[in-house]
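Kindly produce the complete structure, drawing on both the sequences and the hints.
Number of protein chains: 2
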Amino acid sequence: MTEAIDMINLLGQRAKLAARKMRMIDTHAKDEALQTVAILLRQNISDVLAANALDMKAADDNKLEAALKDRLALNPERVEMMAQGLEDIAALPDPVGAISDLVYRPSGIQVGHMRVPLGVIGMIYESRPNVTADAAALCLKSGNACILRGGSEAIHSNRVIANIFRLALHEAGVPEDAVQLIEQTDRALVGALLAADEYLDVIIPRGGKSLVARVSADAKVPVIKHLDGICHVYIDKAADENMAVNIALNAKTHRYGVCNAMETLLIHQDVVSFLPHLVGDLIAKGVEVRGCEKTVAACKDLAVNLASDEDWATEYLAAILSIKVVESLDAAMDHIATFSSGHTETIVTADYATGQRFLHEVDSSSVMWNASTRFADGFEYGLGAEIGISTDRLHVRGPVGLEGLTTQKWIVLGHGEVRS
Amino acid sequence: MTEAIDMINLLGQRAKLAARKMRMIDTHAKDEALQTVAILLRQNISDVLAANALDMKAADDNKLEAALKDRLALNPERVEMMAQGLEDIAALPDPVGAISDLVYRPSGIQVGHMRVPLGVIGMIYESRPNVTADAAALCLKSGNACILRGGSEAIHSNRVIANIFRLALHEAGVPEDAVQLIEQTDRALVGALLAADEYLDVIIPRGGKSLVARVSADAKVPVIKHLDGICHVYIDKAADENMAVNIALNAKTHRYGVCNAMETLLIHQDVVSFLPHLVGDLIAKGVEVRGCEKTVAACKDLAVNLASDEDWATEYLAAILSIKVVESLDAAMDHIATFSSGHTETIVTADYATGQRFLHEVDSSSVMWNASTRFADGFEYGLGAEIGISTDRLHVRGPVGLEGLTTQKWIVLGHGEVRS
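Protein chains in written order, with the numbering used here: chain F, 26 to 445; chain U, 26 to 445.
A portion of the hints provided could be inaccurate.
Chain copies aren't distinguished; within one or between two, either way the pair holds.
Below 16 Å or equal to it, Euclidean Cα-Cα: the simulated EDC-like pairs (lysine to aspartate or glutamate) are [stated by the list, open to error]:
| no. | residue 1 | residue 2 |
| --- | --- | --- |
| 1 | K245 | D222 |
| 2 | K41 | D359 |
| 3 | K46 | D355 |
| 4 | K88 | E208 |
Bear in mind the hints are in silico, worked out from the structure with no lab data behind them. What you are looking at is a predicted structure, and each value in this text was computed from that prediction instead of being measured.
Spelled out as structure tokens, the structure:
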């Protein structure tokens, strides 16, 4: 453990120094570095694929699950996507240095905010080599230094990608230590990283629930995290039937394994007549429907299973939907307050007062009115890129783009003013 | 300990319910509640003073320090100040519900931010009864529910103030449980509060360093905190002598015991000629000056002590100043990067490029140019009220007003849009 701590302290010191230098690096140099990474990735694609082949061989030897192997695998198309992703991030506006709300105060001073990098970001993620490039690029563009810890199964791929990154930083005159990969797979290093509050300003875990939960429980450093996505669509009594069915179908069936998919549908008792139409379409698309007793009664000719209490608290991430008939807007919002994970909820209604109440009173990172939950996404919101979706309340909520990787400081411009 | 946990869970459940109801309470009701508290405080001043007399009697019996007793004591003037403080907070604009950056996206949806309360705030503070009213008022105005834990020496005063608050909330139709005081002085309750991450969204400690350090170390709930204020003034070679002397004198001598007072003066070697004038004025005001060797040499006829390495890392909060002569802007920023607590630093210079570099490269919650560090204050910045100054990097930095007690959610307004 002492060795692990020493190693992390060394990386931490280098990162802190790099983060300080990053405050002097202009947008052009950061963009040039990112473009150079893209060029070098394409030029060195055979090295990248050879390293990935070593990881895939080890994955075979260790009988890794097919889904994990799919995420681990690189091919020319995926490397090209990685390179294009870097160019996209280079093309985004730089959030750093932006000054806002600069106003004169009665004392004569001007006071405002300047957007600045967070500092040193620790990234802990699973065995997906593309995350190495993506996370490093987002941290770099937002002016931060990062320490990357990817899943050990991807270590060969990650090493090559990180080396290409550091070479490009060097060429562009950006401090190399702005991107550091933990090259050892020793698990004690993760523990040491989570405790390194002297060096790290924030840790961002990217991956499944168990990874995120473990990081959150153990970290002494602040964590920006995403937990469950138990998202609800509420069809109000004043909903248009076609709009309601379209939104519910899209929210459930557009993609199943994503955090912004609907997991529970709430519907006002006055419009249960929508259910046969909607449930029929869902079942036709292969969705298993689990409903409350009223749902089952409303869909007598359809194969609807009776939902258990557990269903309301379950993030299926699969072709399963629970449906509950509610008596009122308040009952819908009570259900959401009890079971929602605070990710995304949407109401379908043509009634102004009802929609306004939902918008104000539902406490989720995204609250929508007449739109599919599937829009809760950094690209759809116009962030250009997304490092994840935060279900925390402090600092940043919902889709996290470059701005979420920055903070603000106060700036004061005076002419010699003193306090009297 | 089980009893303490049960008690905190009960308060937490009530607070969570109140926080949900608070999202439906409009500005008028919140303001009316605050104005009613002010009226009731004035009407019941004899009860408040009688309760405070019990606390003061116990303080005498327990031989409390004079400084602590001074903070604990109430009198008619202090109660009136409390009441006026409440009226001031009632008069501030309500940050909750403000919608910003609402834009159309290519998909047709409108996306923006809505400002919303944090939820449930735990306040842990020392034996200052005025903090009970002040903290409760700021939490209430920002739409939060709060659980207050004041120092046990003030328990009688706090109970009366909290009861008045709850009576006023009731009269104004605001949920009483939006303000709850922990009425028992059992220390286990603090431990249980710090662990109550199921109910609390944030904990704000207010008080001395040891209190804040203890809360930060033990809390499982996110903490907004203020640690040290080791603030620097850097007098550049391009500084105007009179401006430099005025700012340095004000930053040091306007008040000694405050976190935004200068603790170390850095001065460029080309303008050490300013030192005899400045140091003479400081000594005349009763300040002890501890300088580096060059400072001592530049002030031969003045009583300047030689600074030790420890001085650069010390927050005096007293009539003591350390002075260091530096070779360059970079040397000044190196010193700041090493020793600053990240609170407030200021540069005095007439040179544009030098000032711009300082403004961008110094990483503190407030960075100033030609103004006294003493301006780092919620009232001077125009926040209207201040719950404290954050030296954290995430969520909120520097003076924290009502907005710092809120967060934002994404809102989406659609017309039936779905993802394709």
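(message) Flag every earlier hint the structure violates by its number, smallest first.
(response) The structure conflicts with hint 4 only, although it agrees with all the remaining ones.
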